[in-house]
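Enquirer: So the chains spell out like this:
Protein chains: 4
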Amino acid sequence: MKRLAVLTGGGDCPGLNAVIRAIVKSSVRLGMEVFGIRDGFHGAVEGDFIPLGINDVSGILPRGGTILGTTNRDNPFSYRSRSSADEVPADRSGDVLRNLEENKIDALLVIGGDGSLSIALEFSQLGFPVVGIPKTIDNDVMATDLTFGFQSAVNFAQDALDRLHTTAESHHRIMILEVMGRYAGWIALYAGTAGGADVILIPEIPYNMDSIVKAVQDRIHAGKRFSIVVAAEGAKPIGGEMTVDRILEGRPEPIRLGGIGARLSDDLEKLTGLETRSTVLGHLQRGGSPLANDRILATRYGVSAVRAAIDQRFEMMVALQGNQVTLVPLKEAVNRLKLVPADDEVLLAARSVGICMGD
Amino acid sequence: MKRLAVLTGGGDCPGLNAVIRAIVKSSVRLGMEVFGIRDGFHGAVEGDFIPLGINDVSGILPRGGTILGTTNRDNPFSYRSRSSADEVPADRSGDVLRNLEENKIDALLVIGGDGSLSIALEFSQLGFPVVGIPKTIDNDVMATDLTFGFQSAVNFAQDALDRLHTTAESHHRIMILEVMGRYAGWIALYAGTAGGADVILIPEIPYNMDSIVKAVQDRIHAGKRFSIVVAAEGAKPIGGEMTVDRILEGRPEPIRLGGIGARLSDDLEKLTGLETRSTVLGHLQRGGSPLANDRILATRYGVSAVRAAIDQRFEMMVALQGNQVTLVPLKEAVNRLKLVPADDEVLLAARSVGICMGD
Amino acid sequence: MKRLAVLTGGGDCPGLNAVIRAIVKSSVRLGMEVFGIRDGFHGAVEGDFIPLGINDVSGILPRGGTILGTTNRDNPFSYRSRSSADEVPADRSGDVLRNLEENKIDALLVIGGDGSLSIALEFSQLGFPVVGIPKTIDNDVMATDLTFGFQSAVNFAQDALDRLHTTAESHHRIMILEVMGRYAGWIALYAGTAGGADVILIPEIPYNMDSIVKAVQDRIHAGKRFSIVVAAEGAKPIGGEMTVDRILEGRPEPIRLGGIGARLSDDLEKLTGLETRSTVLGHLQRGGSPLANDRILATRYGVSAVRAAIDQRFEMMVALQGNQVTLVPLKEAVNRLKLVPADDEVLLAARSVGICMGD
Amino acid sequence: MKRLAVLTGGGDCPGLNAVIRAIVKSSVRLGMEVFGIRDGFHGAVEGDFIPLGINDVSGILPRGGTILGTTNRDNPFSYRSRSSADEVPADRSGDVLRNLEENKIDALLVIGGDGSLSIALEFSQLGFPVVGIPKTIDNDVMATDLTFGFQSAVNFAQDALDRLHTTAESHHRIMILEVMGRYAGWIALYAGTAGGADVILIPEIPYNMDSIVKAVQDRIHAGKRFSIVVAAEGAKPIGGEMTVDRILEGRPEPIRLGGIGARLSDDLEKLTGLETRSTVLGHLQRGGSPLANDRILATRYGVSAVRAAIDQRFEMMVALQGNQVTLVPLKEAVNRLKLVPADDEVLLAARSVGICMGD
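Residue numbers (the working numbering), protein chains in the order written: chain A, 37 to 395; chain B, 37 to 395; chain C, 37 to 395; chain D, 37 to 395.
Warning: the hint list may mix true and false statements.
Intra- or inter-copy, both count: the list cannot distinguish identical chains.
Derived lysine to aspartate or glutamate pairs resembling DMTMM-like cross-links, with alpha carbons at most 20 Å apart [said to hold, decoys possible]:
id, residue 1, residue 2
1, Lys272, Glu123
2, Lys260, Asp92
3, Lys260, Asp84
4, Lys306, Asp92
5, Lys272, Glu305
6, Lys306, Glu123
7, Lys367, Asp131
8, Lys374, Glu82
Keep in mind the hints are simulated off the structure, nothing from the lab.
Work out the full structure, taking the sequences as your base and the hints as a guide.
Expert: And the structure:
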């Protein structure tokens with residue numbers, strides 16, 4: 037194992053730079069070289085490889101984003117070049133393999149979410165040595181207990197709730213915060229529990245508007261003329277839910293950002309008589325400096341991925357299980373979503389302190 | 037001067053509690069009593085007065101919101117009670133005066149924006165001793181250089197820009213941040229200058245889409261495939277602008293929150309070919325713990341308003357001019373907006389470091 | 037199980053209020069009452085019990101400190117009243133039991149560190165039903181993987197390192213940060229790894245000054261004329277270390293706060309020729325609003341402790357093991373310290389990215 | 037005016053990079069070139085000049101520190117080279133002038149505190165065109181109302197006070213925070229007022245221990261068994277004060293960092309019977325990302341300094357007076373300290389809300 041390549045794919049996530057830094061620092065200490073591939077699989081197709089030395093990763097640990105660039109639209113197996121937008125997609129996986137070979141890459145480390153890791157698996161099945169590193173701000177990658185970036189997003193959402201709280205209380209309003217989570221409600225559940233939400237709505241639990249209204253009214257009767265609602269962007273009323281099967285088969289239409297919060301706001305104002313305002317956290321959740329925990333997990337992932345490459349443990353993904361970083365087969369992780377189970381301990385704790393989960 | 041009353045009116049703003057605390061602490065030291073009126077002029081009509089002692093203001097300095105509650109819809113001169121929503125508005129100013137008298141209030145301190153201060157002026161003209169304390173997160177109250185809360189909002193918007201920056205750079209995107217500022221662009225100008233924005237759009241300078249596109253393209257040519265745009269919610273294209281006269285006469289329809297960012301996003305993506313995403317900061321700008329500067333200014337305002345009451349300087353508003361807190365006639369402050377002038381020093385500095393102001 | 041009592045003992049720690057809130061909220065929902073005992077075991081001796089209702093815990097989730105007050109010097113089995121300072125310590129455990137009985141307390145929940153939990157164990161052995169909730173900012177309580185407050189402290193220390201970094205780089209200095217950790221180096225290890233430290237010194241690994249100097253000099257040769265050192269307050273040079281046995285037997289003299297950083301600073305400046313400055317984080321690590329993770333863990337602990345009381349699982353302590361909150365016998369937790377083991381994964385990752393651990 | 041040089045001298049301060057960026061960006065727009073001189077006057081003597089283009093200042097706005105490096109020990113008029121430590125200091129001002137000439141520098145912009153600006157004045161008097169930009173975290177430079185970095189330091193100190201508050205309250209302690217301010221108490225006064233301190237001690241007002249003890253005891257009698265004290269590092273008891281004359285003439289010994297807080301702590305614990313703890317903020321005040329206000333002021337200073345150079349307004353310093361950036365003669369600014377006057381409005385407001393100023 038002499039030379040590794042690394043790329044970052046999919047949406048921005050706090051901790052990407054920490055992974056890249058750990059890969060470079062630990063590889064160089066072991067006498068290996070690292071190349072970065074720019075803009076995810078786009079650079080893999082186009083041959084945009086750059087050597088990464090210690091100086092290139094100096095000072096990047098606290099920074100959000102990725103020094104390598106990323107995209108969430110390039111798949112080498114169905115690739116459109118950017119110069120001609122109407123071109124028919126082509127299989128350019130051969131170019132990727134040739135570029136890896138020309139740059140004398142012995143193993144490819146892919147930091148990405150479900151999409152990028154699926155592509156990584158395909159290259160592995162074509163015979164190129166690959167190690168995956170899970171990245172999703174939503175924490176919904178299967179086979180790992182935790183992904184870096186998630187806790188930073190939760191904390192930012194919690195801070196937003198702390199901010200909305202005083203305004204809600206001063207104005208006697210319902211304040212709704214819409215957070216990320218198209219299919220899985222981890223951010224909403226964790227941020228809502230930490231931020232003292234009164235109602236938390238997640239995709240896994242279709243909501244009943246009557247329950248929400250009752251929760252708000254119970255608070256009014258107890259003298260609290262304000263309520264805080266956290267809604268995952270994929271939260272759905274009973275009857276309107278997506279099934280995971282539909283999600284996984286159909287690659288459904290992206291849910292329009294801002295939808296659920298605005299809709300809930302109109303309904304709740306009418307049904308409760310309280311002024312109601314909605315805020316969409318949006319892209320702010322993906323930026324910013326990672327929390328300590330995310331920097332540490334990202335560092336452990338980077339170090340472990342290099343170790344896996346040295347040990348020839350390919351077609352695997354690094355994963356956190358309990359307190360240990362371990363390796364799991366890539367194919368157990370991709371094309372599956374880790375949803376909030378009904379007996380999740382944080383969910384049960386949220387219910388125990390009286391948070392309405394919409395059901 | 038034996039007993040003061042204080043109320044907070046209009047939208048939430050960091051520093052309200054710091055003003056209330058300063059009023060109570062400085063009054064009690066001088067042997068006076070303070071009553072709080074709850075929920076702004078609603079409580080003034082309904083007689084919702086509570087005594088405020090040192091213990092009531094203990095620990096509130098760092099907290100957002102207002103312990104007194106606030107509303108932005110109650111005008112005693114045109115009042116609807118909440119129990120009967122379809123009631124014709126009535127002049128209930130007599131109730132307010134009677135409640136003030138029954139509670140033996142010698143002077144009323146009104147912390148509020150243009151709306152609340154206009155009402156305060158009317159009561160003053162009816163003969164009740166009033167001192168105003170300007171409050172607007174937008175910093176657009178005339179006759180004062182600065183209002184508390186503004187800097188906290190600017191700083192939060194700047195932090196949001198820092199967050200968007202790394203994502204914009206990693207994804208080679210245009211990121212748009214829509215901030216408060218319906219008529220005046222102070223938050224956008226200050227946050228954009230501090231946050232390294234490439235384009236800042238404010239209501240005072242109608243924008244030319246060609247200029248914005250050119251700014252983005254100039255950056256692409258210089259190797260920077262991302263741009264940051266800050267838009268005040270009231271920013272308008274050339275030809276679409278509101279005039280201040282129309283604003284002041286007509287009390288125009290509220291601009292739909294989220295409008296400008298989303299519209300710009302669609303247009304810029306088409307015109308530049310760069311992925312473009314928009315974020316609306318919304319209510320988050322009003323919450324949270326005030327910055328040091330806002331706490332200090334709020335404290336100075338509170339102390340000075342009490343001093344003004346003792347000195348019988350009524351129908352006045354406390355104001356910051358240069359480095360000094362002074363008093364200005366209430367009628368010079370209300371019904372006028374402080375807009376960003378063309379020769380504002382921060383605006384000129386923004387232009388000097390190459391920020392496109394849309395013109 | 038009709039009435040619970042709760043007290044907080046030992047040093048301040050972010051998340052105490054979140055535990056109290058979860059205990060009250062979950063108990064009230066189950067039809068039970070909760071009493072708070074003020075100032076830890078001091079209030080238990082003196083009979084300072086107050087009922088805690090939903091309103092008493094409203095709004096306390098984001099706040100540092102404890103609404104119940106705490107002390108770290110009162111032991112009912114060897115108690116000195118405060119009125120007469122030179123009094124001989126007396127066994128006042130009988131007063132505690134009588135106060136618990138008079139207030140009709142069915143079970144006592146003790147939130148505390150090693151000291152408070154040891155006292156809790158003694159009361160349990162006297163026959164009073166007790167459940168323990170571990171609290172230590174140092175994360176050194178045995179039998180639990182994690183304690184609330186630790187991550188908030190780590191994050192604050194990391195932010196401090198981010199601050200020191202730019203100054204170190206601008207001035208070409210060595211900057212030393214001394215953090216908590218008298219016997220266990222968890223905060224130093226985690227904050228240092230997350231904050232990009234070049235050297236981390238923990239009590240578990242006696243340091244060799246030559247190694248530290250070499251690490252600094254290697255950086256100078258690589259063009260980096262600055263270094264960041266994190267030292268746990270209990271870090272010791274080789275030959276000067278405390279053994280755990282001595283710690284546990286002898287209850288050694290408290291280490292003088294500020295000692296190690298200042299000493300290292302003098303030595304490193306002389307040995308490397310670089311300007312060296314030291315900062316002691318001190319009490320700042322204990323304050324502030326808890327991070328989301330700590331609020332969630334604290335909430336889970338509170339809910340689980342109430343559940344344990346209902347299930348009559350006494351003389352137990354709630355603990356996190358992997359991802360699950362469970363119960364462990366109190367006597368397995370107390371009088372033992374959880375030190376950083378030589379094969380700790382974060383420690384190994386720190387070494388892999390080139391951090392000098394002083395050995 | 038074709039080519040400017042810029043250097044940063046003295047202690048680190050948030051906003052230095054923002055000034056450098058504004059100088060480069062505004063100069064380049066006007067067709068000029070900028071050179072950076074590394075490590076303050078050290079690089080001026082040694083000829084360490086580097087060209088600064090737009091790309092060199094990209095992304096530095098939010099960062100603490102200075103990309104140019106700085107020192108606070110090099111004076112070209114009395115210079116020791118680092119290679120031979122025991123060398124007799126020599127006048128190397130000729131080397132500086134020759135280096136400026138060789139690099140074809142038309143004007144030198146010096147960003148620094150009293151020391152660096154004094155040196156700048158000497159070069160100006162030797163005939164080299166110089167513009168000064170005041171930098172001091174302490175806000176004690178004469179002839180300007182405000183210096184960048186000061187507000188960031190105040191805000192960090194305020195956050196520290198917020199943290200100490202909950203611990204003080206939970207433990208019924210006196211918590212002392214020692215902040216920067218050797219000769220002027222601006223940081224202590226502002227942070228203490230904003231952070232709700234009970235006692236603020238500044239060098240300008242020698243303190244009477246009896247007054248402090250009385251303030252603490254008055255609080256105990258009012259039911260508040262905790263107090264917060266902020267002390268500038270240069271605070272002195274009555275009889276122990278430094279006079280400004282002695283300061284300016286004698287260049288007194290640096291005050292040992294950590295001194296006043298520790299001394300006060302011992303005394304207050306004895307005199308009040310309350311547990312007392314002290315924390316020294318130290319170098320943390322100088323680091324971190326600048327607040328919006330500091331970034332904006334720094335940007336205005338940078339732009340205005342370039343403008344001054346173009347306008348041939350040499351031997352001047354940019355300064356903020358009221359709301360306007362203006363130019364003042366360098367010699368009016370140096371060798372003088374701006375102390376807190378007895379009638380400072382913030383000081384009076386602090387007294388009005390009951391803060392004990394030690395007198």
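Enquirer: Taking the hints in turn, state whether each one holds.
Expert: Hint-by-hint comparison with the structure:
no.	hint	result
1	Lys272 to Glu123	neither (37 Å within a copy, 37 Å between copies)
2	Lys260 to Asp92	between (53 Å within a copy, 13 Å between copies)
3	Lys260 to Asp84	between (58 Å within a copy, 17 Å between copies)
4	Lys306 to Asp92	neither (55 Å within a copy, 31 Å between copies)
5	Lys272 to Glu305	within (18 Å within a copy, 30 Å between copies)
6	Lys306 to Glu123	between (49 Å within a copy, 18 Å between copies)
7	Lys367 to Asp131	neither (24 Å within a copy, 63 Å between copies)
8	Lys374 to Glu82	neither (33 Å within a copy, 51 Å between copies)
Hints 1, 4, 7, 8 from the list above are not met by this structure, while the remaining hints are.
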